[in-house]
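Peer 1: Protein sequence lines, in the order shown, are assigned to chains C and U.
When we follow the working numbering, the leftmost residue of the first sequence carries the number 780, and every step to the right adds one.
When we follow the working numbering, the leftmost residue of the second sequence carries the number 434, and every step to the right adds one.
Misleading hints may appear alongside valid ones.
What the hints assert, rightly or not - Below, computed lysine-lysine pairings styled on BS3-like, alpha-carbon distance capped at 27 Å:
1. Lys726(U) / Lys479(U)
2. Lys507(U) / Lys959(U)
3. Lys904(C) / Lys809(C)
4. Lys916(U) / Lys839(U)
5. Lys904(C) / Lys916(U)
6. Lys765(U) / Lys507(U)
7. Lys916(U) / Lys913(C)
8. Lys668(U) / Lys656(U)
9. Lys913(C) / Lys920(U)
10. Lys809(C) / Lys880(U)
11. Lys765(U) / Lys479(U)
12. Lys916(U) / Lys959(U)
What the hints assert, rightly or not - Just some of the chain C residues that point at chain U, by a computed CB distance under 10 Å:
13. Tyr819
14. Gln820
15. Ala829
16. Lys872
17. Ile912
18. Pro914
If you are wondering where the hints come from, they were derived from the structure by calculation, not from laboratory data.
Fair warning: this is a prediction, and the values are worked out from it, not measured in the lab.
Glycine included, C-beta positions come from ideal geometry on N, C-alpha and C.
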Amino acid sequence: MHKLALMLIALACLPNVAWADSADAITTNKLTTTDGRVLYQTLCQACHMADAKGAEGAAHFPALSGNPKLASSSYPAYVVANGFGGMPWFADKLSDSQIAAIVNYVRTHFGNHYTDALKPSDVTKVRPSEESIKPIFD
Amino acid sequence: MPEHETAATRRQLLSRIGAVAGAGALYQAMTSLGHAAPSDFVNPPKLSGARPGTSVLILGSGLAGMVAAYELQKVGYKVQILEYQNRAGGRNFSLRGGDTFEELGGAVQRVGFAQGNYFNPGPWRIPYHHQAVLHYCRTLGVELEPFVQVNHNAYVHSSTAFSGAPQRYRVVDADYSGYVSELLAKSVNQHALDNEISADEREHILQSLKSCGMLDASYAYKKSDLTSMRRGYEKPPGGGLDGPSVTSTPLSRGDIFSSGLWQAISVNSLLNHQTSMFQPVGGMDQIGKAFQKQLQNVINLRCKVTAIHQDDSGVSVTYTDDAHGSATRVAKADYCICTIPLSILSQLDIQVSGSMRAAIAAVPYAPAIKVGLEFNRRFWEEDEQIYGGISFTDLPITQISYPSTKYFSNGKAVLLGAYLWEDVQAFRFAGMTPAERIEASIASGEKIHRQYRKEYSSGVAVAWSRVPWAMGCSSIWSEQRRKDHYKNLCTMDNRIVLAGEHASYIGGWQEGSVLSSINAIEQLHKRASGVG
Numbered sequence: 780m781h782k783l784a785l786m787l788i789a790l791a792c793l794p795n796v797a798w799a800d801s802a803d804a805i806t807t808n809k810l811t812t813t814d815g816r817v818l819y820q821t822l823c824q825a826c827h828m829a830d831a832k833g834a835e836g837a838a839h840f841p842a843l844s845g846n847p848k849l850a851s852s853s854y855p856a857y858v859v860a861n862g863f864g865g866m867p868w869f870a871d872k873l874s875d876s877q878i879a880a881i882v883n884y885v886r887t888h889f890g891n892h893y894t895d896a897l898k899p900s901d902v903t904k905v906r907p908s909e910e911s912i913k914p915i916f917d
Numbered sequence: 434m435p436e437h438e439t440a441a442t443r444r445q446l447l448s449r450i451g452a453v454a455g456a457g458a459l460y461q462a463m464t465s466l467g468h469a470a471p472s473d474f475v476n477p478p479k480l481s482g483a484r485p486g487t488s489v490l491i492l493g494s495g496l497a498g499m500v501a502a503y504e505l506q507k508v509g510y511k512v513q514i515l516e517y518q519n520r521a522g523g524r525n526f527s528l529r530g531g532d533t534f535e536e537l538g539g540a541v542q543r544v545g546f547a548q549g550n551y552f553n554p555g556p557w558r559i560p561y562h563h564q565a566v567l568h569y570c571r572t573l574g575v576e577l578e579p580f581v582q583v584n585h586n587a588y589v590h591s592s593t594a595f596s597g598a599p600q601r602y603r604v605v606d607a608d609y610s611g612y613v614s615e616l617l618a619k620s621v622n623q624h625a626l627d628n629e630i631s632a633d634e635r636e637h638i639l640q641s642l643k644s645c646g647m648l649d650a651s652y653a654y655k656k657s658d659l660t661s662m663r664r665g666y667e668k669p670p671g672g673g674l675d676g677p678s679v680t681s682t683p684l685s686r687g688d689i690f691s692s693g694l695w696q697a698i699s700v701n702s703l704l705n706h707q708t709s710m711f712q713p714v715g716g717m718d719q720i721g722k723a724f725q726k727q728l729q730n731v732i733n734l735r736c737k738v739t740a741i742h743q744d745d746s747g748v749s750v751t752y753t754d755d756a757h758g759s760a761t762r763v764a765k766a767d768y769c770i771c772t773i774p775l776s777i778l779s780q781l782d783i784q785v786s787g788s789m790r791a792a793i794a795a796v797p798y799a800p801a802i803k804v805g806l807e808f809n810r811r812f813w814e815e816d817e818q819i820y821g822g823i824s825f826t827d828l829p830i831t832q833i834s835y836p837s838t839k840y841f842s843n844g845k846a847v848l849l850g851a852y853l854w855e856d857v858q859a860f861r862f863a864g865m866t867p868a869e870r871i872e873a874s875i876a877s878g879e880k881i882h883r884q885y886r887k888e889y890s891s892g893v894a895v896a897w898s899r900v901p902w903a904m905g906c907s908s909i910w911s912e913q914r915r916k917d918h919y920k921n922l923c924t925m926d927n928r929i930v931l932a933g934e935h936a937s938y939i940g941g942w943q944e945g946s947v948l949s950s951i952n953a954i955e956q957l958h959k960r961a962s963g964v965g
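Based on the sequences and whatever the hints tell you, model everything.
Peer 2: Listed below in structure tokens is the structure:
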């Protein structure tokens, strides 16, 4: 009971604590690089794999290598910002420049040879509202 | 410090603590802030009047699927489960020495743990108020033991505070509450809060701050026997000629507040982390195994579902039967409970309303990483007197959780060496090879425990986004998406109803899976028995 004051005060400054069983990180790690390759390796290859060939389990992670959906750069920009199905949104982790860098990197590597570059200002247009991606934290 | 003073101080302390009655007020405050919302489980479903022989096909043999099968079978439904894996249990899962684990991308880990050691890559702790899970543990005879979450002698660590030296949790806990109390007492005594509080309240507040903050008679938090009773002594009290204790010096106020280490206190104080917590003896998968025993001849392993259709007469589910030459088969039933994670279900051909399909596609999954590290000896116990509990750090691993079992035993032991959720580091770890994840976990952990490299024996690193049968750890809802989609996800659609942690307000916990399953079978039963 001698923790009362302490806990009431602590409640006022709750960190990033998800209601879900989560890792309760006591700091968040912000990404600052705009190097598309580094960003791909840091975020995308978790699912799309280092060679961008995707993977097949009970369902699949799509290959980005040779994927016709990359033809228009605004589509991958939308997906990175907003998420798609089980893929999380990254708008809360990445700036417009970083999303543009990832899209441009993927569209010019892994056997993709698109020549039109996506501008950060194009990403702004597809960015979700903050409200729509505000995770449920208690 | 002279002995008579010590004794007086202790008596003083006890009487002060006795004077404060705060537990009820605390709970009330937390409830009104929305932080204390225990699971709403009261009883398992009472399903009466089932039409004998009504068939239910259940997709997935995690806890949601097995709870549904167990309860429905009990009241006369004909149930069958299709399971993608070669094992039942879903994310209720433990790895032991000799196990093999293959992830997407093809990396295969052979777990090298010693006999009897295990690691829970998925769920690992059960809060006391998760009464639905605890109900089934009790019913099925799953032996539970305490899971230690809060350990005052574990560490809190920041790479940028105190020159990177880990601090004991109790020290930060004591100094943080001490300084907060001291500052607040100062403003009360300087009449800074006179507009807020009455004279009576003023006295109560001062009294409580003195007690809760270990403040002295002049409301100061400083080196004393009193503060050492909470934060620990420089030299603890002993016996005989070694009896006298030496008090410890509090860390500086500025350092405490700038360190950020107080976040660990906040994390530990959450309802979901409060004492008591439990774990099954011998691994979390004991729960799944206990259900499995009740469901002989019900669970069909290695069945990969590809399509889920329904019409007015029933449901038909197409699957590849990998246990029998990968034949394509169609299973038919009157109803279907689908517990397949949305990360997978959103890619399958499922014949439900547009609004349910939209809900299925609206929920992303956290990548989440857990790394189990086995060491040659329990150096955290032997050298540092840490028995269970969690050390928190700002390094990528976020925490180290020590085994809450077999204390003081000799030989190798496994701890949780990393638990990342969905921050940038979690994605980064998921993109590494298992060996790189283990190395990164050791590189972080050795900053807290210098024994790490020397005592390391073996490890296993599970990245949930690469788990072939889950493709993500658990659902991440946003407030907006929950508003738009949650009801559509959970409402039975003709003959199909969904269940799993994703269909609950307790995401990422087994309790959510179980409660959603109970709600699903209640909806199904209502429909099937023509009631309501």
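Peer 1: Each hint should be assessed against the structure and marked as holding or not.
Peer 2: Hint by hint, here is what the structure shows:
About 22 Å separates the Cα atoms of Lys726(U) and Lys479(U), which keeps this hinted pair within 27 Å; it holds. Distance check on the hinted pair: Lys507(U) and Lys959(U) sit about 16 Å apart at the alpha-carbon level, within 27 Å; holds. Restraint check: the Cα-Cα separation between Lys904(C) and Lys809(C) comes to about 23 Å, which is no more than 27 Å; the hinted pair holds. Using a Cα cut-off of 27 Å, the hinted pair Lys916(U) and Lys839(U) is violated, with the two alpha carbons roughly 45 Å apart.
For a cut-off of 27 Å, the pair hint linking Lys904(C) to Lys916(U) stands: about 24 Å separates their Cα positions. For the proposed pair Lys765(U) and Lys507(U), the alpha carbon gap of about 21 Å is at most 27 Å, so the pair holds. The straight-line distance between the Cα atoms of Lys916(U) and Lys913(C) is roughly 12 Å, inside the 27 Å bound, and the hint therefore holds. Our distance criterion of 27 Å between C-alpha atoms is met by Lys668(U) and Lys656(U), whose separation comes to about 13 Å.
Annotation: proposed proximity of Lys913(C) to Lys920(U) holds, straight-line Cα distance about 19 Å (limit 27 Å). A hinted pair counts as satisfied when its Cα atoms are at most 27 Å apart, and Lys809(C) with Lys880(U) qualifies at roughly 21 Å. A hinted pair counts as satisfied when its Cα atoms are at most 27 Å apart, and Lys765(U) with Lys479(U) qualifies at roughly 26 Å. For the proposed pair Lys916(U) and Lys959(U), the alpha carbon gap of about 25 Å is at most 27 Å, so the pair holds.
Interface hint at Tyr819(C): satisfied, since its Cβ lies 9 Å from the closest Cβ of chain U, which is below the 10 Å cut-off. This hint holds: Gln820(C) has a C-beta 6 Å from the nearest C-beta of chain U, less than the 10 Å allowed. Interface hint status for Ala829(C): upheld, as the beta-carbon distance to the closest one in chain U is roughly 7 Å, under 10 Å. With a cut of 10 Å, the hint placing Lys872(C) at the interface with chain U holds, because the nearest CB-to-CB distance is about 6 Å.
A distance limit of 10 Å between C-beta atoms decides the matter here; for Ile912(C) the minimum to chain U is near 5 Å, and the interface restraint holds. With 10 Å as the threshold, the beta carbon of Pro914(C) comes within range of chain U, its nearest partner Cβ sitting at about 6 Å, so the hint holds.
The structure shown violates just one earlier hint, number 4.
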